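Peer 1: So you can see what is in the structure, the chains are spelled out below.
Number of protein chains: 4
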Amino acid sequence: MTEHRYTLTLSCPDRVGIVAAVSAFVAQYGGWIVEASYHTDLETQQFFMRQEIRADSLPFTAAELRARFAALADEFQMTWQVNDSDFRKRVVVLVSQHDHCLNDLLHRWRSGELRIDIPCVISNHQSLRSFVEWHGIPFYYVDMPKDNDQAKATAFEEISRRFDEERGDVMVLARFMQIVPVDFCACYSGRIINIHHSFLPSFVGAKPYHQAYHRGVKLIGATCHYVSDELDAGPIIEQDTMRIDHGDTVDDMVRYGKDIEKAVLARGLRYHVEDRVLVCGNKTIVFR
Amino acid sequence: MTEHRYTLTLSCPDRVGIVAAVSAFVAQYGGWIVEASYHTDLETQQFFMRQEIRADSLPFTAAELRARFAALADEFQMTWQVNDSDFRKRVVVLVSQHDHCLNDLLHRWRSGELRIDIPCVISNHQSLRSFVEWHGIPFYYVDMPKDNDQAKATAFEEISRRFDEERGDVMVLARFMQIVPVDFCACYSGRIINIHHSFLPSFVGAKPYHQAYHRGVKLIGATCHYVSDELDAGPIIEQDTMRIDHGDTVDDMVRYGKDIEKAVLARGLRYHVEDRVLVCGNKTIVFR
Amino acid sequence: MTEHRYTLTLSCPDRVGIVAAVSAFVAQYGGWIVEASYHTDLETQQFFMRQEIRADSLPFTAAELRARFAALADEFQMTWQVNDSDFRKRVVVLVSQHDHCLNDLLHRWRSGELRIDIPCVISNHQSLRSFVEWHGIPFYYVDMPKDNDQAKATAFEEISRRFDEERGDVMVLARFMQIVPVDFCACYSGRIINIHHSFLPSFVGAKPYHQAYHRGVKLIGATCHYVSDELDAGPIIEQDTMRIDHGDTVDDMVRYGKDIEKAVLARGLRYHVEDRVLVCGNKTIVFR
Amino acid sequence: MTEHRYTLTLSCPDRVGIVAAVSAFVAQYGGWIVEASYHTDLETQQFFMRQEIRADSLPFTAAELRARFAALADEFQMTWQVNDSDFRKRVVVLVSQHDHCLNDLLHRWRSGELRIDIPCVISNHQSLRSFVEWHGIPFYYVDMPKDNDQAKATAFEEISRRFDEERGDVMVLARFMQIVPVDFCACYSGRIINIHHSFLPSFVGAKPYHQAYHRGVKLIGATCHYVSDELDAGPIIEQDTMRIDHGDTVDDMVRYGKDIEKAVLARGLRYHVEDRVLVCGNKTIVFR
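These protein sequence lines are chains D, S, Y and U, in that order. So for the first sequence, this note's numbering puts the first residue at 1; every next one is plus one. So for the second sequence, this note's numbering puts the first residue at 1; every next one is plus one. So for the third sequence, this note's numbering puts the first residue at 1; every next one is plus one. So for the fourth sequence, this note's numbering puts the first residue at 1; every next one is plus one.
FYI, nobody ran anything at the bench for these hints, they're computed from the structure. On a predicted model such as this, the values are computed, not experimentally measured, just so you know. Among the hints, erroneous ones may be present.
Put simply, identical chains are the same to the list, so a pair is met inside one copy or across any two.
No farther apart than 20 angstroms at their CA atoms in a straight line, the calculated lysine to aspartate or glutamate pairs in the EDC-like style are these [to be verified]: (1) K283 x D86; (2) K89 x D169; (3) K283 x D248; (4) K146 x D248; (5) K283 x D245; (6) K283 x D251; (7) K89 x E3; (8) K207 x E43; (9) K207 x D245; (10) K89 x E230; (11) K152 x D84; (12) K152 x E3; (13) K283 x D252; (14) K152 x D183; (15) K146 x D84; (16) K207 x E230; (17) K283 x E43.
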């Protein structure tokens with residue numbers, strides 16, 4: 001896990017010889033491939049690939065790897081990147097008052113399970129300040145009064161400013177119960193991860209457990225997805241469900257649901273920060 | 001499992017003393033309660049109850065049990081019934097060409113796992129005749145040409161006639177790929193069980209696996225429900241999901257999905273024929 | 001959830017009329033039964049029962065309920081108790097260095113999901129002191145040097161003294177990596193809950209993930225059980241499994257396994273503190 | 001699924017450049033790789049690989065592919081094979097009286113889901129003859145009287161003779177309740193697949209559901225594995241579990257367990273016949 005690695009991810013139009021070309025490129029420098037995954041999307045005939053290479057098997061740095069790979073990438077019209085495991089992703093967490101996802105993420109961070117940096121936590125409530133600051137992480141409050149669009153717009157500008165200042169890589173809405181403005185979504189496309197407390201596309205929008213209760217479903221679920229400009233309709237990264245029965249009230253669902261929400265968010269975020277998620281239209285390829 | 005039992009199911013307005021009254025009634029005759037389940041619906045304040053009593057512990061027949069229970073039932077304004085395990089439910093199976101659910105149900109029937117009678121199987125295709133008849137079960141063909149409403153109406157009249165002649169208790173749509181007419185649904189309310197190949201309310205209607213594929217969900221599911229006059233919107237009896245990933249095509253989903261469909265239908269039907277399902281509005285109470 | 005309730009649990013030799021007698025007893029005082037569950041163990045012909053009664057539906061206190069119930073209990077030779085939801089169970093947590101279960105339990109406690117008191121946390125390491133004390137919970141260190149039986153015996157005496165002083169109801173071994181002395185187990189029979197990181201009875205004892213890796217199983221699991229005098233062989237309260245594959249190393253299993261361990265322990269502890277677990281020989285009845 | 005494909009599987013000592021060499025080999029002939037999977041076993045430093053290639057993308061036959069690949073295979077000291085999807089594996093099924101797995105396999109076969117040939121079914125009971133023969137599959141009876149070792153030895157000789165005559169590729173013990181002689185196991189190493197009705201290594205040997213009941217586990221399971229000379233200890237291909245509770249009797253477990261057994265066997269067999277399973281010591285790599 002803690003080994004130094006370079007991760008190459010790419011997509012390009014499918015054709016014969018891509019794997020051979022990339023493998024030969026890596027092999028000529030003695031590169032040791034630790035993990036390799038491929039996928040072709042049948043509708044778009046787009047090819048997707050991910051390789052993890054042991055950094056110590058290559059005679060040069062990630063920068064040099066990028067420089068040398070560029071010619072091959074051009075030849076195959078690749079969209080691509082090389083990430084270096086020594087550079088941890090910077091994850092800014094947004095949260096309201098429900099803290100189960102935050103508590104879970106912070107534990108995974110401080111135990112070293114999630115290899116990320118958390119430059120700050122931002123909230124529209126003060127209640128979690130002490131817990132966050134105990135971790136040595138800065139906590140910022142933004143004011144989001146109900147029914148005050150101007151104040152909300154200002155708050156999102158503040159969030160945007162903080163995120164950019166902190167050189168954030170990804171923003172996690174860890175049960176941040178606010179609808180994100182469309183232009184904000186557009187600005188950070190593919191960089192905002194949300195956890196929605198239903199099995200999407202069932203029960204979009206507010207109070208999904210109430211919706212589930214009234215529909216009488218026998219399972220509840222949670223969905224981790226990239227935020228897009230349509231509410232709860234962005235590319236899905238991870239989902240899960242759990243069994244309930246007729247005896248469970250909405251409060252029971254809320255309580256049980258927390259366990260799926262935090263597990264699904266943690267898995268989805270891990271896939272993202274390990275460069276396992278490639279977006280293809282409104283779908284994701286997740287190379288687990 | 002094969003013990004002779006009476007099953008009492010009831011619902012009534014909730015109040016103190018229902019369980020005490022029913023228990024005392026059963027106990028005064030020495031009745032041995034093998035299973036007992038209760039539920040109060042919080043929205044309607046309706047109470048639901050199910051008790052299985054060993055037949056040999058009572059000094060009289062099911063008919064006599066019904067006669068004696070009537071006074072108590074009146075006092076509490078109960079909707080109720082007593083079923084005798086010696087009288088197996090008569091299940092008429094409707095099927096098109098996909099036979100995985102039919103194959104599964106017939107095996108559970110012939111192995112004695114599902115304690116039902118199957119008076120006949122009805123299909124709009126001839127392809128399964130030989131397999132059904134090998135089991136010694138009559139097979140009826142009904143003609144359902146595409147885009148011919150008159151012929152369809154006639155076919156449903158024929159189905160209705162067969163079902164009534166065979167004294168059917170419940171009709172199972174075991175992947176019967178035809179939309180059931182509204183008046184037919186109304187006529188057999190609570191007596192038609194369908195298996196839908198998605199996790200409802202996601203992906204109502206035709207081609208749910210195609211819908212799932214295009215939405216990019218990470219789990220697929222199946223739902224067993226009573227048919228109501230709104231398509232795929234009746235009370236849900238049982239559901240389940242299974243994990244897929246980006247590499248799975250629609251054909252893969254269809255193939256994997258069969259395993260959930262047949263498992264979910266078999267569980268749902270078993271709950272129904274064992275009198276474990278009580279309907280409350282558009283929801284079900286399932287006393288497993 | 002936060003309603004004031006009395007919970008009656010009992011076991012006695014099975015016979016006709018137990019439910020009727022108990023129900024009539026509760027009903028005569030207008031007692032409103034919110035949940036009721038029954039079970040008969042076929043091997044011992046022992047009957048088990050649990051009822052939750054709304055406290056405000058009864059005209060007297062839990063003490064008076066106990067006093068009045070005693071005669072009935074004698075008649076049926078019941079082992080029984082009445083618990084009052086206003087008196088929270090006092091849970092002493094023991095932990096070594098792995099803190100995922102501790103973090104999970106403390107969050108459930110501070111969010112009000114687990115309705116318990118935690119009078120103290122005891123550890124043979126100092127590393128979790130700050131985190132525990134941030135919660136306002138006393139943290140006690142006990143010295144458990146390797147290969148020093150005398151020191152260990154002293155440490156367990158210290159634990160025992162703390163537990164008794166704090167009037168503990170139950171001790172939770174939240175990944176407390178020490179073998180508990182036999183006489184200590186005997187002293188607190190049915191009051192020590194352990195989480196073992198395998199699907200018991202597979203992989204008893206040390207390093208179960210290593211054992212799982214070498215056997216090549218396709219699922220790993222966790223088991224929450226009461227501690228008995230035989231290692232990892234006490235009555236099982238709750239278990240779960242998750243899928244792994246050939247690519248997962250022992251480290252991966254350790255990492256994924258944490259999520260099952262904390263979920264299984266949290267469910268098992270909740271069942272225990274809500275008086276849902278009744279022990280029958282070396283098995284448990286769990287009235288969920 | 002029905003596309004004509006060649007499947008290359010191999011293992012060899014791990015070193016840099018294997019993927020590059022194999023990919024270049026395939027690419028030089030314009031071979032279109034549809035699926036590719038790799039794994040390195042950390043303990044043995046053995047590399048494992050599987051590639052599916054579209055047959056119509058190569059200008060020659062499987063035989064020619066084998067001939068050309070041999071030099072490369074030698075260079076890397078590979079153990080390898082190339083399978084042609086037009087040549088279906090020949091699966092001989094052995095069964096006793098429990099027919100749920102047989103019914104499931106035969107349905108998957110006749111619906112085209114499992115792309116295999118079933119040259120015959122062999123049983124030590126006559127009860128399933130009619131069902132098998134309805135499928136047009138020969139059914140052979142072998143006499144296996146209890147406590148008669150000589151007769152059993154003769155029966156296994158007969159099975160061996162049939163299997164060889166029918167040019168069987170793999171033997172499936174679909175709940176064949178007989179212990180297979182050690183020399184028979186040795187003779188067909190890696191070619192006998194068994195379904196055991198427990199989550200191995202828990203509950204080896206006879207009556208695993210009884211063992212599970214008495215241990216009081218909260219989940220039951222099933223395991224599909226290659227038969228080795230030690231009882232229920234061969235390499236595991238696939239496993240699964242399902243939840244039970246205290247109310248479930250041994251008979252209930254037997255009934256519920258059938259659903260896991262048939263699902264796990266069907267998955268395991270599919271992995272095997274699609275050349276997805278590579279054996280590494282007493283473990284398997286399953287390239288799903």
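Peer 1: Going back to the hint list, which numbers does this structure go against?
Peer 2: 1, 4, 10, 11, 12 and 15
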